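Knowing the structure of chain F, use the given hints to seat chain C on it.
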Amino acid sequence: MANLNGRARRKNTYDAIVVGSGITGGIAAKELTEKGLKVLVLERGPMVRHLEDYPTATLDPWQTKYPQGQLPQAELAAHYPVQRRTGYTMTEHTQHFFVRDDEHPYTEENRFDWIRGYHVGGRSLTWGRQSYRHSPIDFEANAREGIAVDWPIRYEDLAPWYDHVERFIGVSGQAEGLPHFPDGQYQPPMELNCVEKAFKARSEARFPERRVTIGRTAHLTDPTEEQLSLGRTKCQYRNLCIRGCPFGAYYSSNSGGLIAAERTGNLVIRPNSIVTELIHDERKGRASGVRILDAETLKDEEFHADVIFLCASALNSAWIMMNSTSSRFPNGFGNASDQLGRNVMDHHLGVGASGEAPEFADTYFSGRRPNGIYVPRFRNLGDAATKRSDYLRGFGYQGGAGRATWERDRGKGGRGFGAARKAELSQPGAWTMGLGGFGEMLPYADNRVTLNRDVKDKFGLPTLTMNVTMRDNEMAMRRDMQSAAAEMLEAAGFKNVRGHDNGFAPGLGIHEMGTARMGRDPKTSVLNAHNQVHECKNVYVTDGAAMTSASCVNPSLTYMALTARAADHAVRARKRGEL
Amino acid sequence: MLNRRDALRGLALTVGAAATGWAGTAAATTALSWTPTALTPEQAQILDVVSELIIPATDTPGARAAGVPQFIDRAMANYCEKWQIDQLTAGFARMDADAKAAHGKLFVALAPEQQVAILNVYDRETAASTSGHFFPLLEDFVTVGYFTSEPGATMALKYDPVPGAYNGCVPLAEIGRAWATR
Chain F
1 MANLNGRARR KNTYDAIVVG SGITGGIAAK ELTEKGLKVL VLERGPMVRH LEDYPTATLD
61 PWQTKYPQGQ LPQAELAAHY PVQRRTGYTM TEHTQHFFVR DDEHPYTEEN RFDWIRGYHV
121 GGRSLTWGRQ SYRHSPIDFE ANAREGIAVD WPIRYEDLAP WYDHVERFIG VSGQAEGLPH
181 FPDGQYQPPM ELNCVEKAFK ARSEARFPER RVTIGRTAHL TDPTEEQLSL GRTKCQYRNL
241 CIRGCPFGAY YSSNSGGLIA AERTGNLVIR PNSIVTELIH DERKGRASGV RILDAETLKD
301 EEFHADVIFL CASALNSAWI MMNSTSSRFP NGFGNASDQL GRNVMDHHLG VGASGEAPEF
361 ADTYFSGRRP NGIYVPRFRN LGDAATKRSD YLRGFGYQGG AGRATWERDR GKGGRGFGAA
421 RKAELSQPGA WTMGLGGFGE MLPYADNRVT LNRDVKDKFG LPTLTMNVTM RDNEMAMRRD
481 MQSAAAEMLE AAGFKNVRGH DNGFAPGLGI HEMGTARMGR DPKTSVLNAH NQVHECKNVY
541 VTDGAAMTSA SCVNPSLTYM ALTARAADHA VRARKRGEL
Chain C
1 MLNRRDALRG LALTVGAAAT GWAGTAAATT ALSWTPTALT PEQAQILDVV SELIIPATDT
61 PGARAAGVPQ FIDRAMANYC EKWQIDQLTA GFARMDADAK AAHGKLFVAL APEQQVAILN
121 VYDRETAAST SGHFFPLLED FVTVGYFTSE PGATMALKYD PVPGAYNGCV PLAEIGRAWA
181 TR
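Read top to bottom, the protein sequences are chains F and C. Mapping to this note's numbering: the first sequence position 555 is 555, numbers consecutive. Mapping to this note's numbering: the second sequence position 181 is 181, numbers consecutive.
Chain F on its own, in the form it takes in the complex (with noise of 0.2 Å):
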């Protein structure tokens, strides 16, 4: 017995365990395995494999089982109340990237738009792509301000781990040269439309410090050797990008980190696992491993490694620790500092203006950019004339120009029928430009996330309860947020310029912050400098849960830096023999 125990025990043996195979867990197990560790990959949905698993992604618009692949009122609300809340991620064309709501309940004490895909690359299949580097101010603003804790890094720790992410996922974009909104390692930009490169000298002309630029995003639009070589080229402008891309244009686990891994001979990945739990030896005073729920035998089983890497998102790896309870830890692997759960964060949107661009009726574009404008941070940057008294921090805008398709003006009706609209519609419509800001929100301990064992999932799991809100700080960035796009579309000469706030809950920004925060004092903090557990040094957080602020720039190229650093970390101190 004692044999067959050890046998056991060897054959679920590994150097290293990620769990989660989204858009940190790819470049864990791409460092990890590059750098000569035996890796297992924990998913706990089904296997997504790049090219043969994208289902719709090169159907054509008539080949729908129902209208625009629109699904069924009474399916969206059977399963999916939740994922199609954001009005685009729940269709024929994308359903099977996302939960059943049903199968994953959760408990809105406020509302939460948790919106989630389980499987095999994770949301980095469905991701924006948009890749902007946090800034020195970013990482400074906590400390300076007195707000929540001070990061344990500085931007110069991260910046030579933003540029090998950035090589290696591939991001398009223009370099800008500002202090507060750092440039990287940039593949040619795309190209702004007429009326966006309009709208850039008009508004920039008028409000200097406004700087618009083409987004920064992971597409490869000049790919590198390397790239060429894991069978990615470069975009081909359907954006189709959210059924997965064939062409391996836009950066996702699949058609990147996982490949790159796997070509190592490292790499294992086992789909349908659900960790549950860290184990956590005693006698050692480190985590031995992880405990499985298998989702098709529903059968428990162990997996043991030195290195432990937490990828699983801010909210499941607050949920797997949080489930780790021992008598170490009784409430929650890590948590003497109670911050485990707390301080959850998002990028508050739905807020802004649009504007119409009547004199450029004549012109038109090709192709389909996957991609648009941004318009980086102008308040609060640090001098008098930034300043804002009404709220702290800032926000981007997100936005581009485009032209009315023949879904303008659908179900009104008084439009006419007959041969006269139908040619009216085969022609585009006004262009429009739109801008909508992505806000930082603030850091609040009573923001939180915590362990609900009343309420059970289709397993049997305990799940979350969500108690996290906009405060006043986020409520006065808004009306800034909404007045100053009107300004600068006026300011442009757009016409018929109108503001909204169609209003935000917490989720909705899929930008999940904050559960396990980094910090220089294990009492105040989870995670220290290099994203180990303060009280576990072989376990390591590197997604979103980590952050120990939100900036106001989309998060996930600085969760790729955060893991490649903590990846080369945790190899080097191994090798030292301290995990």
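Away from chain F, derived, C-beta distances all over 10 Å, residues of chain C:
(1) Ala31
(2) Thr35
(3) Ala38
(4) Thr40
(5) Pro41
(6) Glu42
(7) Asp86
(8) Thr89
(9) Ala90
(10) Gly91
(11) Arg94
(12) Asp96
(13) Ala97
(14) Ala101
(15) Gly104
(16) Ala111
Covered by chain C, per the in silico footprint, the following chain F stretches (three or more residues, Cβ under 8 Å):
(17) 182-193
(18) 236-242
No wet-lab data here; the hints were simulated from the structure. Note that the structure is predicted; figures quoted are calculated from it, not measured. Idealized CB from N, CA, C, for every residue including glycine.
The following block gives chain C in isolation, referenced to the frame of chain F:
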């Protein structure tokens, strides 16, 4: 303000059709080339005619050639909500009732000018308020069905599945038509 029936009566006079009693047949229409699932054969005949009136064949195929009636029948069978089905079928019934009131014939038996005149009344009615009117719903299904069909997307509009490049500023005259997809 005229009510709907007065409007239709006036319209009947305008087009010079006499109320000659119930025609009762769909003699003016061609036989359907497909078998409806959700609709009765009579409803499918009306849908076939009205779809083509909403998006007629011009220099590009119309709704009928694009299979729009089949698209809507399929939607009614596996996609629409009950209120939509009720509204559409009530709409078809109203079209026949109004045709009969004005001209004494079923909708499909009217001359195209008479049919258009009836639809114009509906379109005007919906200009002020859309709530509960079947016509915008029907028109929307026809429009969606048409512009997402292969003939609609590739001939009435311009479709390029793999553009390969993005050009941000091109004279509209060079493209000629609106792109089918965004």
